[in-house]
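There are 2 protein chains.
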Amino acid sequence: MKKIQLQRVAPADIEERSMEIIGQELGERVFPADQLPVIKRVIHTSADFDYADNLVFSAGAVEQGIAAIKGGCTIVTDTQMAFSGVNKRVLEKFGGKAVCFMSDPDVAAEARERGETRATVSMERAAALEGPVILAVGNAPTALVRACQLMDEGKFHPDLVIGVPVGFVNVVESKELLLTMDVPHIVARGRKGGSNVAAAICNALLYQASNNARE
Amino acid sequence: MKKIQLQRVAPADIEERSMEIIGQELGERVFPADQLPVIKRVIHTSADFDYADNLVFSAGAVEQGIAAIKGGCTIVTDTQMAFSGVNKRVLEKFGGKAVCFMSDPDVAAEARERGETRATVSMERAAALEGPVILAVGNAPTALVRACQLMDEGKFHPDLVIGVPVGFVNVVESKELLLTMDVPHIVARGRKGGSNVAAAICNALLYQASNNARE
Chain A
9 MKKIQLQRVA PADIEERSME IIGQELGERV FPADQLPVIK RVIHTSADFD
59 YADNLVFSAG AVEQGIAAIK GGCTIVTDTQ MAFSGVNKRV LEKFGGKAVC
109 FMSDPDVAAE ARERGETRAT VSMERAAALE GPVILAVGNA PTALVRACQL
159 MDEGKFHPDL VIGVPVGFVN VVESKELLLT MDVPHIVARG RKGGSNVAAA
209 ICNALLYQAS NNARE
Chain B
9 MKKIQLQRVA PADIEERSME IIGQELGERV FPADQLPVIK RVIHTSADFD
59 YADNLVFSAG AVEQGIAAIK GGCTIVTDTQ MAFSGVNKRV LEKFGGKAVC
109 FMSDPDVAAE ARERGETRAT VSMERAAALE GPVILAVGNA PTALVRACQL
159 MDEGKFHPDL VIGVPVGFVN VVESKELLLT MDVPHIVARG RKGGSNVAAA
209 ICNALLYQAS NNARE
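First to last, the protein sequences are chains A and B.
One gets the numbering used here by counting positions in the first sequence from 1 and adding 8 to each.
One gets the numbering used here by counting positions in the second sequence from 1 and adding 8 to each.
Keep in mind the hints are simulated off the structure, nothing from the lab.
None of these values were measured; they are calculated from a predicted model.
Hints are not guaranteed to be accurate.
[What the hints assert, rightly or not] Calculated cross-link-like contacts (lysine to aspartate or glutamate; reagent style EDC-like; alpha-carbon spacing at most 16 Å): (1) A:Lys11 / B:Asp190; (2) A:Lys11 / B:Asp160; (3) A:Lys10 / B:Asp190; (4) B:Lys163 / B:Glu181; (5) A:Lys10 / B:Glu161.
Could you build all of it, start to finish, from the sequences and the hints given here?
Here it is in structure tokens:
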């Protein structure tokens with residue numbers, strides 16, 4: 009086997025060292041203090057520095073996300089992958105929980121009956137939740153568009169919408185729509201995003217909420 | 009609400025349309041026919057065309073992956089996110105299954121006792137599996153390095169290693185190590201990769217295996 013020279017970094021310190029490297033490579037760029045941990049965590053999960061330019065935050069979005077977490081919010085994801093990526097251990101410390109309705113059999117059945125997409129029915133389920141809600145869309149632009157319609161109709165009042173679907177068909181459009189809405193939002197403008205990005209943003213907010221709680 | 013002009017594409021046709029767009033944007037570049045669906049699916053999951061340059065295939069890797077799937081292989085992932093992203097429905101059609109040992113309580117317990125990482129113990133679990141195995145590492149370079157050591161010691165004989173960890177510490181090194189190993193591999197060279205990329209590569213192979221099976 010080829011000898012390779014690994015950096016001697018203890019497993020527990022790898023994340024910290026990674027964040028240092030990301031900070032160095034961001035150089036002299038200045039980001040708002042509350043947004044920086046979100047931007048760095050998305051780069052950490054993708055190794056893609058485009059997110060330093062892509063991510064758009066409505067005023068106070070990070071603060072509102074943290075407040076929702078501290079209020080025991082439900083994080084609604086649009087994929088099982090994003091659900092898997094959210095740090096439920098930290099979320100549960102605040103009395104919150106994560107849910108993904110997309111693969112629920114009754115959501116599929118209702119979508120079939122009504123001739124709707126599962127994304128649409130899932131968003132209606134999300135709108136019916138009690139208590140604070142963070143909606144994290146990393147995959148389905150249809151889900152994001154439906155969520156915007158429900159908000160426009162006054163039927164859905166999420167505390168924060170993380171709009172980071174990825175792809176080539178109606179993805180850019182769905183995110184540009186969210187950017188016009190009067191709801192706290194964090195958006196990855198353009199085609200890029202994904203379930204990993206959605207989960208990373210949730211976790212960045214969760215870790216900031218934990219740090220605040222410790223202070 | 010702002011009026012947005014959505015492309016009129018039926019939900020069932022969005023993936024096909026996305027793949028067409030990706031094909032158009034790849035332009036006149038020519039890729040081996042068996043590798044192209046893998047490259048396109050990774051771009052589909054990330055909207056990142058860097059993967060057209062990053063992905064490295066050992067000779068026959070796609071064919072060997074498809075053969076493993078048809079032989080009812082176990083796909084071993086290093087994260088729950090990658091596990092979530094693998095299309096288990098298709099995998100099970102071939103008699104295969106997906107597993108992720110990383111969050112098993114007994115893996116954590118054994119790692120603690122032996123002063124090892126969970127990644128190390130997980131790879132030893134993978135090495136002990138019966139039948140064909142595809143190892144898909146999207147996160148932990150320590151897992152990939154340990155897998156290479158076990159292969160070097162003749163203790164682990166995966167049919168294919170998908171080496172696509174993401175990040176900044178020992179990630180590049182772990183992938184360069186895999187590239188020197190005499191084992192079928194698909195590697196995302198450089199820092200980029202992730203659980204979503206690992207799952208996308210598995211799914212690209214699964215769909216090719218399904219298409220073959222239908223022919």
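Now for the hints, and whether the structure bears them out:
no.: 1; hint: A:Lys11 / B:Asp190; in the structure: 15 Å, holds
no.: 2; hint: A:Lys11 / B:Asp160; in the structure: 12 Å, holds
no.: 3; hint: A:Lys10 / B:Asp190; in the structure: 11 Å, holds
no.: 4; hint: B:Lys163 / B:Glu181; in the structure: 22 Å, violated
no.: 5; hint: A:Lys10 / B:Glu161; in the structure: 13 Å, holds
Violated hint: 4 only; the structure is consistent with all others.
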